[in-house]
Amino acid sequence: MRVALFITCVNDTLFPGTGKAAVGLLRRLGVEVDFPLAQTCCGQMHLNTGYRDEAVRLADRFTTTFAGYDAVVAPSGSCAAMVREQYPHLDIEDIPKVYDLSEFLVDVLGVTDVGAYFPHKVTYHPTCHSLRGLKVGDKPARLLENVRGLELVPLPGAEECCGFGGTFAVKNRDVSAAMCADKIGNVMKTGAEVLCAADNSCLLHLGGTLKRQKSGVRVLHLAEILASTEESAG
Amino acid sequence: MSGVFVGMPAFPKNAAKAVQNSQLRFNLRKATHTIRGKRAAVVGELDDWAELRQAGKTIKDHTLRNLDRYLVQLEEKVTEAGGTVHWARDAAEANRIVTRLVKDTGETEVVKVKSMATQEIGLNEALAEEGIEAFETDLAELIVQLGDDFPSHILVPAIHRNRAEIRELFLKKMAGAPKDLTDEPRVLAEAARVYLRKRFLESKVAISGANFMIAETGTLVVLESEGNGRMCLTLPKTLISVVGIEKLLPTWQDLEVFLQLLPRSSTGERMNPYTSMWTGATEGQEFHLVLLDNGRTSVLADKVGRQALRCIRCSACLNVCPVYERAGGHAYGSVYPGPIGAILTPQLRGMDTELDRSLPYASSLCGACYEVCPVAIDIPSVLVDLRAKARHSRAEKAGMAAAGWVFNRSKRLAKAQRFGGRMRRLVPKRLPGPLSGWTDTRDLPEIPAESFRDWWIREGKR
Amino acid sequence: MSAAAREVILRRIRSAVEGAPEAEIVRGYRGATGERGDVELFAERVRDYKAIVHVVPRAEVAATLAEITGGRVLTVPAGFPSDMYAPSEGEPDGVVSTCAVAVAETGTIVLDAGPGQGTRAQTLVPDYHLCVVRDDQIVPNVPDAIARLDPTRPLTWISGPSATSDIELNRVEGVHGPRTLEVVIAIG
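Chains as they are written, first to last, in my numbering: chain H, 56 to 289; chain X, 103 to 564; chain E, 3 to 190.
Only chain H is shown next, with the shape it has when bound in the complex (with noise of 0.2 Å):
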């Protein structure tokens, strides 16, 4: 099987640590995956914003770029589902076979438990295009549940939005700041010391306040608390 990874731009240019945390965990559990230089941005920021032409034209840059991969591994629910659920709407054809990163644990390597070490108090949100657009379901909180350690403490008010939406964060501050306030408000009720969640756009939001704040709680994705091993934490 031949597997990609499909970093992201966000995670790419803010966040490498995610791609890092993804490398080692797959190559941990025997995947070796390619990373296509060519790569850059999935085209959700152009079409959520109102700009079709170059979301297209990204977007066909993305399927040439990863045509002839089995699986592309995306540790982003949002731009797996960019590709996944709005690509057909942009009539791109040939879409290549996209998964979550928790998707791609447990539905393509049928793991759950992925031996990682993690002595930590989390909770999770779960993120609205994974919930609602990929519908990962449960996938993320089963592998969770198996890190050795780890507390998984649940979120009340999990569904909802964190009021993160990409540039809606800057078109309309004032409701994406409410939306943030009460996501943070339910996330201070779980005691948890860490935040997780499988995008870190969201986190990038979440994390931003939760920072401004001095609210002592710091936010993870999902990628790097897999990776983490005893050796790794010690």
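These aren't lab readings, by the way, just hints derived from the structure by calculation.
Some clues are possibly wrong.
As the list claims (entries may be wrong) - Covered stretches of chain X, as calculated for chain H (at least 3 residues, CB under 8 Å):
1. 506-516
2. 533-546
3. 554-560
Claimed, not checked - To give an idea of the interface, some chain X residues facing chain E are shown, with a C-beta separation under 7 Å as derived from the structure:
4. T136
5. R191
6. L241
7. V289
8. A291
9. R332
10. W354
11. M373
12. M379
13. D395
14. G397
In this text, a Cβ means the ideal position worked out from N, Cα and C, and glycines have one as well.
Knowing the structure of chain H, use the given hints to seat chains X and E on it.
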């Protein structure tokens, strides 16, 4: 559409005010969370919900595809059953028709059943100009009318008011309201019952909308809760129904789908208290049906946007929308607020004003609306499609073009990342211009010294 | 003017949908069963709406009606079975009726202006509505009810007493329609 919203600022500005209103936030949170739970429970009771939803969607699509044929059939059946059918191209024409029909009866007062279509065309205002007073009889509409207020929800137009506010309003504005009125919902409902009873018994003309019209039989259907609908539909001598042309269903059997979808999605009940169905002139009444276009045919012409015409006005999308919950209905500047309003209003009114251009952006695209929609309107996709049709600011266009240029070559992206890595210490804590929307409430992430792709080239691949 | 508007609207529709693919209706949901509805389920669902429900053998309906209406004067629509309830003298403060169909799953009673049901106004204006439902009138679900009903008759579907959700989206019983709904289900 109704003129009351003309000149309103764009959505973000309206919403910015609303999110600071703690009373509004509290009322909306309470009401929407209550209804979400009720809806989920009664929808969960039906194990064929997905199939009902699929049927609802396909019946509506089929009807819209053959709308001309079914409208002609409806007209024929209503006429056969003693009713009179009128056609109105726009709001002004519909208002003229209704005004003339009321004047022909010699009456100067009419009772009204809650109707989105008549709100859309501003019928009450048009009647008032001709000296005809319209009395809203739905409790929430009455609250809005007494308070000189605007509706803020499709189903519960006074959702932004809590019981204490309603009590104060009744004491101030409702003639004959008891001095010892409490804020018990039961007591408030009783006050409305007493206030409207005489009017029901004496009114000669009623105006309604309809939830469904059946082409095959000419039957009109109105779902309601309070009994004000039954009062208006049965007691007055003349009944005038103003109905959007998309409210049609081909056959009587189709109703079996929608009578399951609508109450469960809307008030979260297995069935609403009252549903009235009548065909033509009934029990000695005079019946007029006004079929309203008012922009619907132009929505129908849009390949992506036409699915908005499937809407059965249940308001489930409003009740689950995180943006609606915090911004409230007034921020949308339309009788159709919430996610469905964000796709319907710009299509019906066009995107010529700043407000109407801002509506497709009044969503984080979280998809909660699509998930609950009983006729599977893919609201996020329509929003995105409308955004592509909206006019964009010059600065934004330049920014998006630049980003597109960078993303179009991976080498350019890599260069930009390296530049960012070198400049990372120089990024200010607060960004200027529109980007200040980000740093007003959030810290920026630390920009890494090395991008993922550079790490991969250096040591990642093996 | 109306004729012109009609032609314009029809023409607009035809040009709007020109070339659009035909849309096929898919009916995968539970349809009409043709079976009898569950009496207990119906009773429970009607009670959920805060209506009063009695389940009695057919032979005891008259006695039950006499008992629960003791002292009340009710309007009796034409065609109501005279062996069940005899009208008394005085100013009525309620109405007694039969029904056409009842739906177990949703706890709904449907009136179609047939014998014993009166005009639509007769069962609306009074504050109290007493309805007699025969067990063979109860169907399992909404599709069964639609299959049994005649759309050319005026129909009123009643699910509990009048109510409103207009104050804070919570259902409270009792607005313009009858504030009390009492249902007698005759079995056997």
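Verification of the supplied hints:
no. : hint    : verdict
1   : 506-516 : holds (count 7)
2   : 533-546 : holds (count 9)
3   : 554-560 : holds (count 5)
4   : T136    : holds (5 Å)
5   : R191    : holds (5 Å)
6   : L241    : holds (4 Å)
7   : V289    : violated (10 Å)
8   : A291    : holds (5 Å)
9   : R332    : holds (5 Å)
10  : W354    : holds (5 Å)
11  : M373    : holds (4 Å)
12  : M379    : holds (4 Å)
13  : D395    : holds (5 Å)
14  : G397    : violated (10 Å)
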